[in-house]
Amino acid sequence: MKVRYPLEAFALAMVIFSQNMRDALITGILIILITLLGLVLDEVFFIRLPEWSRYSCIIILSVSLTYSLFQLVLKAVLGYDTDSDATAFHIFLSILMAKYIIQADDDTNYDRFLLESSGAFASLIIISIIREFMTGGSIYGFKIADFTYTSYGFSQVVTGFILAGIGLAILNRIFKYNDINTESIYVILPVALLVQPFTVTGIDPSVSIIIAVAVVIFMVYSVRQHLVFSRLSKEIKNMPAELVSAGMVYMILSML
Amino acid sequence: MKDNRLKGIIALAVVTVISFGIIYGSKILVKDETGNGNDTDNNQNQEELPGAIDVSGAEGIVSARELTDDSGNITGYSVVSQAKGFGAQPVVMEIIFDKDAKTIQEAKVVSHSETPGYGANMEQESFLNQFKGIKAPIYLKGQAPASAADDGQNGGQDASETSGGFKDGIYRVEADSRDNQGYLYMLTLKVENGAITSVVFDAMNEIGEYKSYLSSVGKYVMTEDGLTWKEQADALAQYVIEHQSTEGLTVDENGKTDVVAGVSISINDFLDLTEKALKMAATGEGAEGTDTGNETTTASTEGGYGEIDAVSGATFTTNAILELVNNAYEFISNYAGK
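Going line by line, the protein sequences match chains A and G.
Be aware that the first sequence starts at 1, since it is given in the working numbering, and climbs by one per residue.
Be aware that the second sequence starts at 257, since it is given in the working numbering, and climbs by one per residue.
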C-alpha cells in the first residue's frame, strides 16, 4: 500500500524540525509546496522522459529547490542564521521528497495528497508546540508560562523520535493505512550522521562519529528484527515503532 | 488525465498562496517578537539616542554611543556587539566601557538563542559580574598571550615581600605538551601573606573542556564508586595547602600515591606543575596580583588585560563572548583614539 503524502520527509521533519513552532511551520509548508510542485512537473513534463532522465530531473529539482527555498525564506526573508547541520538536514529532506515523487502513482490523487499532507503538517505543528512549550514554557518564542518542570530533554532528538513515532501512528489510524511499506532507515540514518548520541573522547572525531553511527544503526536494526515477531497493531508497525525504538536507543546511548 | 493535471496546477497555486501567507505571517511575528519586550531582548535603537556613533563597516558592531553627564562630558561608551555562538541567532551583548575606552564597567546580554542549561548560563549574574572592572582585551583564564601577560600581570603588581617563605601573588603554570588523551594540565597557586592559600589543578582538552567539569557532570568517569577526578585533584591541592609543599607526597613507579586517601590518579603532572609554581613563588617570578576581591576574576592593571572563566560546557558561546567583547573594545578604542 502506497502512502499518498511524503511520509518519510514529514517523519524527518518531526524528529529534527519540531524543536520549535517557527521551524515546524516553515518546514511543513515548504515540504508540501516542493513536493506538490515536483508532482505537478512530473505529471506535466517529466513523465515523457526516459526513466533515468526523469529520476535525475526529479532529484536535481528537489534538492536545488529545497536548498534555495529554505535559504531564501530563512535567511533573506526571516533573517535567521542557518548552520551547516540544518542545511544538511534540508538536503536529506529534499532527497526524501524526491523519493516520494519518483514512487508516486502516475495519476496522482491531489485531493488525498493535500488532505493527508495537511494532517501531517498539523501533527508536525502539534509536536513542535509540545516540545517548545515543555522545553522552556514558550510557543513561537513567546513566553506563555514559567513552569519549574520544563525540561531541556524535550528539545533533544530522543523526544523527537518518540513523538514522531506516536504522531505517525495516529496519522496511520486516521488515514486508515494498515500495511504501508516504509523504510525508517532513511529517517534514522541522517539523524545518526549529524546528531550522535555519544562521542568517544581521545580518538579522532571522525572515527568517533563512525563508531556512534554504527552502534545506532546496529541497535536499531536489532530491535527492528525483533519487532518482526511482535504482535503490534498495523498502524504502529514499521516506521512508527522503529522511530520510537530509535528514540529509546538514543536515550540509552546518551548515558554513555 | 488532463483534468487531473489542471487540478494539480490549481492545488499548486493554492499551496503557493498559503505558503506566502505563512512565511509573511512568520515575518510579522518575528518583527513583533523583537519589539515585544522579550526578557533578554532589550535591544534599543541606539542610532536614535544622543551620542550615537557611526558603526557602519565595523565588523560585529550593532550600535555604539557616547555616555555623557549633565554637562556633556563623556563618562563612558556603550557598544552593542554580536558574534555567532552555538544557536541560530548570534549572541548580542551591550558592553559599557569607562571613559578610558578600556575598562569594562558592565556587560549585559541583549539577546541570544543559546542552549538552556549550557550557553544560556551566560545570563547568570555570577558570569556577568566577572566583567565588572576588568580591562579589555579579555582572554580565558590562563590563555592570555605571553606579551599581554607580561604587560598585565607584572605591570603594576609585582610580587610583594611577605613574612612567609613565598612571595604573594597568583602563579599559573601549565604543562609543556598535551598528554596522550589530548589534555593539557595546568595549575594555579595562590600565595597570601607568604602562605599558600589556594591550589587549583585542572586539565583542558583540545576543544576547551575542563577535566574538572567533565568529571563533575559524569562525562569523565574513572571508577563508579571512587572519588571523581575533580575530587581527587582537590584532595591533592588540599594536601599542598596543609603542608605548604609537596614533601611527603611519594609516588610509585606508576606515578600513583597512597599518601592522600582516595587518590588513584597518576600525580606526576600535579607534582611537576606544583614544584614549578613553588619555585616561581619562592622568587616572585611571574606573579599576578591577589587583591581582586573576586575569586573568579583577574583584573589586570594599567595597560593589561582581563581574564574570565568560560561558560561551563559551552565552548562556542564562550568564544562568541570573547570575540564580541574584543571587537567592541577594538572599535571603541579606535574611536576614542586610545
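Check each hint, because a few of them may be wrong.
Unchecked claim - Subject to a maximum C-alpha distance of 27 Å in a straight line, what follows is the list of computed DSSO-like cross-link-like pairs (lysine-lysine): (1) G:Lys397 with G:Lys532; (2) G:Lys364 with A:Lys143; (3) G:Lys397 with G:Lys263; (4) A:Lys143 with G:Lys532; (5) A:Lys143 with G:Lys475; (6) G:Lys263 with G:Lys283; (7) G:Lys263 with A:Lys176; (8) G:Lys355 with A:Lys75; (9) G:Lys512 with G:Lys475; (10) A:Lys75 with G:Lys283; (11) G:Lys340 with A:Lys2; (12) G:Lys355 with G:Lys388; (13) G:Lys263 with A:Lys99; (14) G:Lys397 with G:Lys340; (15) A:Lys99 with A:Lys237.
Read the hints as simulated data drawn from the structure, not as lab findings.
This one's a predicted model, so the numbers in the text were calculated from it and none came from an experiment.
Numbers of unmet hints, in rising order: Per hint list: 3, 4, 5, 6, 8, 11 violated.
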